[in-house]
Amino acid sequence: MHSRHRRGVVVLDYGSGNLRSAQRALQRVGADVEVTADPDAALNADGLFVPGVGAFEACMTGLRKISGDKIIADRV
Numbered sequence: 006m007h008s009r010h011r012r013g014v015v016v017l018d019y020g021s022g023n024l025r026s027a028q029r030a031l032q033r034v035g036a037d038v039e040v041t042a043d044p045d046a047a048l049n050a051d052g053l054f055v056p057g058v059g060a061f062e063a064c065m066t067g068l069r070k071i072s073g074d075k076i077i078a079d080r081v
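Take 6 as the starting number for the sequence shown in this note's numbering and just add one per residue.
FYI, nobody ran anything at the bench for these hints, they're computed from the structure. One or more of the hints may lead you astray.
No more than 25 angstroms apart at the CA atoms, straight line, and that leaves these computed lysine to any residue pairs for SDA-like [said to hold, decoys possible]:
hint	residue 1	residue 2
1	K70	P56
2	K75	D45
3	K75	R33
4	K75	N49
5	K75	A27
6	K75	G52
7	K75	L48
8	K70	R33
9	K70	V34
10	K70	G35
11	K75	A60
12	K70	N49
Let the sequences and hints guide you as you build the complete structure.
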């Protein structure tokens, strides 16, 4: 018998993107979702979701403010 494990996913809150929409979409497919800017939570989650917008420079500025660029590099 297989047990279903809910995957812990962090939606990285760096001040950009539609966080709640991403959260709801991930929950609809069975993920256990936390929206946070906490680096430890982002590094230790089963999955990391980084929402984006069309303004790349603004996204990178927001990511750098919370060390999101380092979080992503550490996870890749």
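Item checked: Violations among the numbered hints -> Violated: hints 3, 8, 9, 10.
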